[in-house]
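If you read the protein sequences in the order shown, they are chains A and B.
Each residue of the first sequence is one higher than the one before, counting from 1 in this note's numbering.
Each residue of the second sequence is one higher than the one before, counting from 326 in this note's numbering.
For the record, the hints were derived by calculation from the structure and aren't laboratory data.
Taking lysine to aspartate or glutamate and the EDC-like style, the derived pairs with C-alpha atoms no more than 16 Å apart in a straight line are:
1) B:Lys649 with A:Asp321
2) A:Lys47 with B:Glu631
3) B:Lys372 with A:Glu306
4) B:Lys370 with A:Glu306
5) A:Lys324 with B:Asp646
6) B:Lys372 with B:Asp590
7) B:Lys547 with B:Glu513
8) A:Lys45 with B:Glu631
There are 2 protein chains.
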Amino acid sequence: MDTEQLKQKILDGDRRALARAITLVESGRADHRSMAQELLSELAKHKRQSLRIGLSGTPGVGKSTFIESFGMMLTALGLRVAVLAVDPSSARSGGSILGDKTRMERLSRERNAFIRPSPSQTHLGGVARRSREAVALCEAAGFDVVLVETVGVGQSETVVAEMSDLFLLLLAPAGGDELQGVKRGIMEMADLILVNKADGPLKPVATRTCADYAGALRLLRKRPQDPEGFPKALMVSAVEEHGLEQAWEEMQALTAWRRENGHWDRRRADQSCYWFDQEVRQALLARLHTASAQTAMAALSGQVAEGALTPAAAAEQMLQDHLKG
Amino acid sequence: MDTEQLKQKILDGDRRALARAITLVESGRADHRSMAQELLSELAKHKRQSLRIGLSGTPGVGKSTFIESFGMMLTALGLRVAVLAVDPSSARSGGSILGDKTRMERLSRERNAFIRPSPSQTHLGGVARRSREAVALCEAAGFDVVLVETVGVGQSETVVAEMSDLFLLLLAPAGGDELQGVKRGIMEMADLILVNKADGPLKPVATRTCADYAGALRLLRKRPQDPEGFPKALMVSAVEEHGLEQAWEEMQALTAWRRENGHWDRRRADQSCYWFDQEVRQALLARLHTASAQTAMAALSGQVAEGALTPAAAAEQMLQDHLKG
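Chain A on its own, in the form it takes in the complex (with noise of 0.2 Å):
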């Protein structure tokens, strides 16, 4: 199939050609990556969207159960879902969030759902590259929504939230002591909080966890891009199917607050340019990984060790030598 063909499919909305089309962009043979270059701007032309929404939480809080009832919700109302993972610590642990899809046994079964398992990679930035154009194949297919979901480890938040619409923080119902446990940062960057479990004996704990974090995200400065009362906190029940619809309202008005006051097209401009700006960076670093740099990297390193050259005068030798500009 030529990549004519496989655009054409992607636009029917064809799901084995996106789960090839996505094969490709995971690909690192250059052939394959012109390619894959060659379909995202093609299919770019066509400006679809989908409402992208980021999921973030720790193992534990329920992440796949939430998916599988939310997911199972929004196809209950017609849409179509495709699910993704952005998961940095794969390429170390082998395994891979998503990657058994037993855990979303209904949902993989849905015609109108799209489940992919998150690819091993071997450093965030791959990761986040062939996450975000995976994204970018799946809105061209025309699901109505994309769930981008993430463990909650180092720099993946950031990743997932840079390629999301709206992203969402799932949380377990914890003591007081746990608030802290959520980073500032993190905080900052949610939309929602989704206090999960709130369900049989932790039913008592998750309300008061939810009005701690209300109280705690009524503390944090306003945001340009929100109406009043966001980002909100709110208790949710995967397991009993609680609560889910009422997140969708809210993330529905929000989504719709922002399309109307210019922060929907704004975020989306901005994302696009810290993309371009992330990808001309990691390019520059590449030039580090070749053959021949290596070799002069470790020769100079040697010398850096031994003291007969400071790093910077064997950091400017490496730059005139090997990585002329």
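Take the given structure of chain A and dock chain B to it, following the hints.
Showing chain B alone in chain A's frame:
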């Protein structure tokens, strides 16, 4: 004064020459930069080493008082002490740590002490290089101990740890909950945790805090560069000048062990290679800061924001047309 004269005066321990040389490495001017490089390369040949002690602690833990008391104790032992600061926030706040020498009134009057406020810099990369080079100048000037102070913000602790032989974390007495406030990564960097203000009414709290941290340190994996029992948590009172001798004895014991076991030299070599690598990366990325690169980036960003180019396609164009390697 030419570079040769400046070099000789620094080697003679002349404080005014040292101050002048630090001003030189802090300068952004190209001619200053090349003079600084030459000077540092020449001085490096003398292979003089100080004990470089990194010290981190959030505002309010009593860093200045500690440095004053600890520094006075060292000079009383006949040692020469230099105090520098790494402050990535100074560019923003305008103020700088150590900016006010009156905060260390006694030490600043000591003939065997040299205190240098942190320069105002625009980014942590610049702060890091200049601080590292200032440390090298102090070493060449024959100081026995170089103390490098930083506020615990962002990456500044890593920067200081990478230019230190020992890393101290200064803490205030606090309830058990606040134990969580110290990031695990920082705990893992520390060679000694010093709980300050172990005096007056805070003494019982300090005792408990110290025991809590000692317990937390025992949970960390033993590091190859540590003899049995390290890292340690100790109580000190900078105001009452208690515990400082003991802390100094521990530092000397740790240093002696590391020298004997080859960790000292290896760590120094590793640090130099780390900074070499950082310098190369920064120099590569600096190519984005030229006027012509900025103009090209802005133009391409405009097309990316409009959706006329994908981020990856724009990056490719930037690399090919403006940053040809």
